[in-house]
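First to last, the protein sequences are chains U and C.
Mapping to the numbering used here: the first sequence position 38 is 38, numbers consecutive.
Mapping to the numbering used here: the second sequence position 175 is 175, numbers consecutive.
Simulated from the structure, these hints should not be mistaken for lab results.
Possibly wrong hints are sitting among the right ones.
Facing chain U, a subset of chain C residues (Cβ under 8 Å, in silico) [claimed, not checked]: (1) Pro77; (2) Val81; (3) Val82; (4) Phe88; (5) Asp90; (6) Gly134; (7) Ser176; (8) Glu188; (9) Thr239; (10) Leu244; (11) Gly247.
Counterexamples of contact, computed for chain U against chain C with all Cβ distances above 12 Å [said to hold, decoys possible]: (12) Asp31; (13) Arg171; (14) Ser180.
Glycine included, C-beta positions come from ideal geometry on N, C-alpha and C.
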Amino acid sequence: MSQQLDFESHINALEARIRELRLSASEGEIDVADEIEKLSIKVETQLKQVYQKLTPWQKVEVSRHESRPHAQDYIDHLIQEYQPLAGDRAFAEDAAIVGGMGYFFGKPCMVIGHEKGRDTRGRIKHNFGMPRPEGFRKARRLIDLAGKFHLPVISFVDTAGAYPGLDAEARGQAEAIARSIQACIRVPSPFVAVITGEGGSGGAIAIAAADRLLMLEHAVYSVISPEGCASILWRDSSHRETAAKSLQITAQSLNELGITDEVISEPTGGAHRDHPATFRRVSNALKRHLNDLGAIPAEQLIEQRWQRYLKLNTA
Amino acid sequence: MNWLENFVRPKLQALVSRDHSDSAENKWRSCPNCAQMLFLNDLPKNLYLCQQCGHHLRMPAPARLESIFDSGFTNLPEVAVVEDPLKFRDKKRYLDRLKDSRAKMKCQDAVQSAFGTIAGEKAVAAVFDFRFMGGSMGSAAGSALVQAANKALSEQCGLIVFTSSGGARMQEGIISLMQLPRSIIATEMLQQAGLPYIVVLCDPTTGGVSASFAMLGDIHIAEPGATIGFAGRRVIEQTVRETLPEGFQQAEDLIDKGVIDMIVPREDIAARLGLLLHLMGGKARLLTENDDSSDHDDAAHNHSEDDGSGVEKSAPVVS
Ligand SMILES: [Zn+2]
Numbered sequence: 001m002s003q004q005l006d007f008e009s010h011i012n013a014l015e016a017r018i019r020e021l022r023l024s025a026s027e028g029e030i031d032v033a034d035e036i037e038k039l040s041i042k043v044e045t046q047l048k049q050v051y052q053k054l055t056p057w058q059k060v061e062v063s064r065h066e067s068r069p070h071a072q073d074y075i076d077h078l079i080q081e082y083q084p085l086a087g088d089r090a091f092a093e094d095a096a097i098v099g100g101m102g103y104f105f106g107k108p109c110m111v112i113g114h115e116k117g118r119d120t121r122g123r124i125k126h127n128f129g130m131p132r133p134e135g136f137r138k139a140r141r142l143i144d145l146a147g148k149f150h151l152p153v154i155s156f157v158d159t160a161g162a163y164p165g166l167d168a169e170a171r172g173q174a175e176a177i178a179r180s181i182q183a184c185i186r187v188p189s190p191f192v193a194v195i196t197g198e199g200g201s202g203g204a205i206a207i208a209a210a211d212r213l214l215m216l217e218h219a220v221y222s223v224i225s226p227e228g229c230a231s232i233l234w235r236d237s238s239h240r241e242t243a244a245k246s247l248q249i250t251a252q253s254l255n256e257l258g259i260t261d262e263v264i265s266e267p268t269g270g271a272h273r274d275h276p277a278t279f280r281r282v283s284n285a286l287k288r289h290l291n292d293l294g295a296i297p298a299e300q301l302i303e304q305r306w307q308r309y310l311k312l313n314t315a
Numbered sequence: 001m002n003w004l005e006n007f008v009r010p011k012l013q014a015l016v017s018r019d020h021s022d023s024a025e026n027k028w029r030s031c032p033n034c035a036q037m038l039f040l041n042d043l044p045k046n047l048y049l050c051q052q053c054g055h056h057l058r059m060p061a062p063a064r065l066e067s068i069f070d071s072g073f074t075n076l077p078e079v080a081v082v083e084d085p086l087k088f089r090d091k092k093r094y095l096d097r098l099k100d101s102r103a104k105m106k107c108q109d110a111v112q113s114a115f116g117t118i119a120g121e122k123a124v125a126a127v128f129d130f131r132f133m134g135g136s137m138g139s140a141a142g143s144a145l146v147q148a149a150n151k152a153l154s155e156q157c158g159l160i161v162f163t164s165s166g167g168a169r170m171q172e173g174i175i176s177l178m179q180l181p182r183s184i185i186a187t188e189m190l191q192q193a194g195l196p197y198i199v200v201l202c203d204p205t206t207g208g209v210s211a212s213f214a215m216l217g218d219i220h221i222a223e224p225g226a227t228i229g230f231a232g233r234r235v236i237e238q239t240v241r242e243t244l245p246e247g248f249q250q251a252e253d254l255i256d257k258g259v260i261d262m263i264v265p266r267e268d269i270a271a272r273l274g275l276l277l278h279l280m281g282g283k284a285r286l287l288t289e290n291d292d293s294s295d296h297d298d299a300a301h302n303h304s305e306d307d308g309s310g311v312e313k314s315a316p317v318v319s
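Let's have the full structure, built from the sequences with the hints guiding it.
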């Protein structure tokens, strides 16, 4: 049974009922098609209602939902002949960041992303998507490679943040993030970042300082987690809902602030309910933006990327 | 109707605050390291160093600029930015926090910059002041760094940044996160122009500031005892569920970890910066040599005699 969110428990109950009916129907005991049809319409309507007006905090919960598509899922479905690359060439391979080369709509590209892992073993292997310095150094390596071979870069951003551990600090977490951002702003090829779930602060921007920033409809992107912000500014982490609202971390708020270039709408009830539809929408958006950027000479591309940040919020 | 608020309260407040400013504890503060009582009026001339134990107290930006530049430097004007982009409020409105800090500090935001000469070498310096909302980096600080880099470009000289910051300014949300790439672009402009960029890491340098421009210097100098790192101590302790070792994230430990080049006591900083800038002044030197090579010899000679710091240039790194 997948993770349940409080605000949709009534819908989960309906969905469970549909599953039960389907099971009994397949045993051929009673004809329940009408009942299933009626319930399905009800689910669809209620999902639409609930997901249209999710609060910022509810979006945080959706963005962290364990069944949302992850970077590896997007890579598996969008990239052909994917060649995963590994290691920072200095210390270790960090599976919190995955990446490699492959074809996107027949064109060679570099793809990187945070991977949170799917089951317990996977989560431990990928350290819940929280990179150590090695992960950021691998990202930098891959972005540099992309620049060398004129490969467009696609990044899938989904992390609670950089791993806050003793070992990570000892090996220069801050420098590793800084160098990864530096690689982003330097790379002489088109670069599109997609926030697919949780865009957690420095660990997120390390692979997101791109030419175009896309966000899934229920993704969030923030300088600090709402819990962290609440415990610092309100001195009480239970104010996380207020913090989530104040920080303006939803795709809709960030679009208004001019941070994102496009909000990619999710299937009814969120990306976790319909992976194939999500892949199609993300794929279409990526294709469109990469086509636009492909027409721009490298020098102009970098200049535009720099101006994007230099001009931000200047009076 | 609001007489109580409008009249009685301000009067009371005035009374209270006058009392406060005259009180003895406002003229003294104790050293955080050895608890020695330090007379506030003496701090500037002592470079905010404890006279008993040598502890480096956090230094206000104006005093810092004064202490590193030769006489006759000019402050760069503070850059205007869109204020409070999120209309943020926690327990207090961000605009009110800004107003309070500005009134208290008599400046607009956390970074102050100036142009002049440091031990005879032309340079721009940008200085974070921890007293202004924990030295946090929002759009104003980011803009100050971009402005300082542009000034260094137009003057064809080096840039020094003194950091003292808890990180990104939460009250500006995503806009403050965007200052990471923004400040890195500022350093990239110097990189492309072949101009020196030195970071002096002061206490504390953490979060979004350490994870951006502060870790990309040509040279990293740290002040003794400075805390430098990405994640805060408490966050790490909560993650690893153990207490952190002595000296963790401190300059003296980080030099062994390879994060910084040298630790330089505050009284030697100006002379050391002058020397480093001279060593890295290849581009300017090239121009001078093409003009007239004998000029260069004189300049170099003058440099070592004129700095007046009494610091031996060939002395090994103090650490
Ligand atoms: Zn002391």
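Going through the hints against the structure:
no., hint, verdict
1, Pro77, "violated, 13 Å"
2, Val81, "holds, 5 Å"
3, Val82, "holds, 5 Å"
4, Phe88, "holds, 6 Å"
5, Asp90, "holds, 4 Å"
6, Gly134, "violated, 10 Å"
7, Ser176, "holds, 5 Å"
8, Glu188, "holds, 6 Å"
9, Thr239, "holds, 5 Å"
10, Leu244, "holds, 7 Å"
11, Gly247, "violated, 12 Å"
12, Asp31, "holds, 53 Å"
13, Arg171, "violated, 8 Å"
14, Ser180, "violated, 9 Å"
In the structure shown, a violation is registered for the earlier hints numbered 1, 6, 11, 13, 14, in ascending order.
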